[in-house]
Amino acid sequence: MSNLMPHRYARKAMITFSPSASDLLEEISDLRKEAEVLSSKERVRIAISHQEPDRVPIDFWATNEVKEDLETYFRYDYNALLDILGVDFRVVHGPSYVGLELEKHPDGTVSDLWGVRRCTVPYGQGDRKGTYKELAYSPLEKMKTVKEIESYSGWPSADWWDYSDVAADCRKFPDKCVVFAGDRLDRTAQLKTAMYLRGVEQILVDLVLNPAIVECILEHVTSYYLDYNHRVFTAAQGEVDIFMMGDDFGMQTGLLMRMDSWECYFESGFRNFIRLAHDHGVVVMHHTCGSVVPLIPKFIDAGLDILQSLQPRAAGMDLASLKRNYGKELAFHGSVDIQKTMPFGTKEEIRAEVKERMHAGKPGGGFIICTAHNIQRDVPIENIISLLSAYHEFGVCSNSP
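Numbering (numbering that gives the first Met the number 0), first residue to last: 0 to 400.
Do not take every clue at face value.
When the alpha-carbon atoms are kept at most 20 Å apart in a straight line, the in silico EDC-like pairs for lysine to aspartate or glutamate are as follows [to be verified]:
| # | residue 1 | residue 2 |
| --- | --- | --- |
| 1 | K327 | E348 |
| 2 | K103 | E200 |
| 3 | K141 | D182 |
| 4 | K171 | D161 |
| 5 | K66 | D317 |
| 6 | K327 | D317 |
Honestly, the hints are just simulated from the structure, not real lab data.
Let the sequences and hints guide you as you build the complete structure.
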C-alpha cells in the first residue's frame, strides 16, 4: 500500500446512539451514510500511512461459534453482516491443501501438516459453550540430537498446496482491505510452530541449553514459510493488501524469553518474512499476545507496519503510551480488552473503553479499532452490540488536512 495524499472532509454531524439490539443495524446504517466517503480499502490505506481517514477503520475478531451466533441473531450471512456493520477487513486463508491426507487417530486427535496432533477441548457452559483445538502431541519432543531433527519425515512442503484460486478469493472483496493470514493454527510464525513441534516447555529449555536444535527447527520452519508465502503473494497478483503473521513473544508481565534469545533465534526470520512481503508490495501486520514493549524498536527497525493485538492488561501495552512513544513509526490494531471488559463489563463500561481508545488512537491516524483477540462465547451478545455501536459513535475523525 502506498501513502496517499491528504484528503479533506467536512466535519460530520454527531448521532446520538442507544445500544438497543433491535436498533443497531439502523443506527450504524444512519451513521455510515453521514460519516463515510471512502471505501474500506482507501480508509485503511490512509490510516496506516498515519493520516486521519473519514473514520477509524474497524476490524472484528471472533471465534466460529460467535460468528454462528451472530448469523442466527441478525439473520444475515456472516460476510453480509460484516458489510452492514461497517467492518473494513476481510480475511482470506490462502491456498487449498492438496497434500497427504491428515491422519485421524483412534484417540480422537488429528495430525496437521507438521505432524503435530491436536484434540478438541470444550470450554464454558450452556449457551456460552465453545471449543478450541489444543496441542496433544509434539513429534519432536523426545528427540535428543540435530541428526534426529533433520531426519524427521514430517517436514512439510510448499508443494502441498494449490495456489490457483488465491487471486480469485481476494477479488471477492474488491472494496475491502484483504488480509492474508493463513489458518489460525498454521499462521506464519517461528516460536509458535517450534512450540507445537517440540512442546512448549521443551523449546523454552532449548533456547538456553540446546541452541543447535533450536536453529535446526527454525531453519526448517522459516524456509517452509518463505517458500509458501512467496507462492501465495505471487499467485495473489497484487490482490493481498495486508499479510498477517502471528507469534506470541509475550506473556502478561513481559517477554517469554530474554531479549538476546529473541535477537539470536528469531530476529533474522522476522526480518525475512517482512522483506518478502514488502518485495511483493504487501503491508505487514504482526500479531502477538502479551507484553512485548522491549521488542517494539526491533519491530520498527525490521520494517513492521502494524502491531496487533495490544492486550491492554499486559504490562506496558496500553494504547496511549504506545501511540505516544511509537505512533509516528508504527500503526496499531486492537486494544479493546477481551480479558475483563468484554466478557464481564457493562454496556456503559464497554462504551467508555471504546471512547477512551478512540481518544488515544484517532489523532494523526495509525490506528485500527478491534478487540485484543477473538471474542469468545463468554461474551454476551448484548456486549458485542454495544461494542459495534460504540465503534461508530466515537470513530469519526476530524479530518483536518
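- Task: Mind listing which of the numbered hints don't hold for this structure, in increasing order?
- Result: 1, 2, 3 and 5
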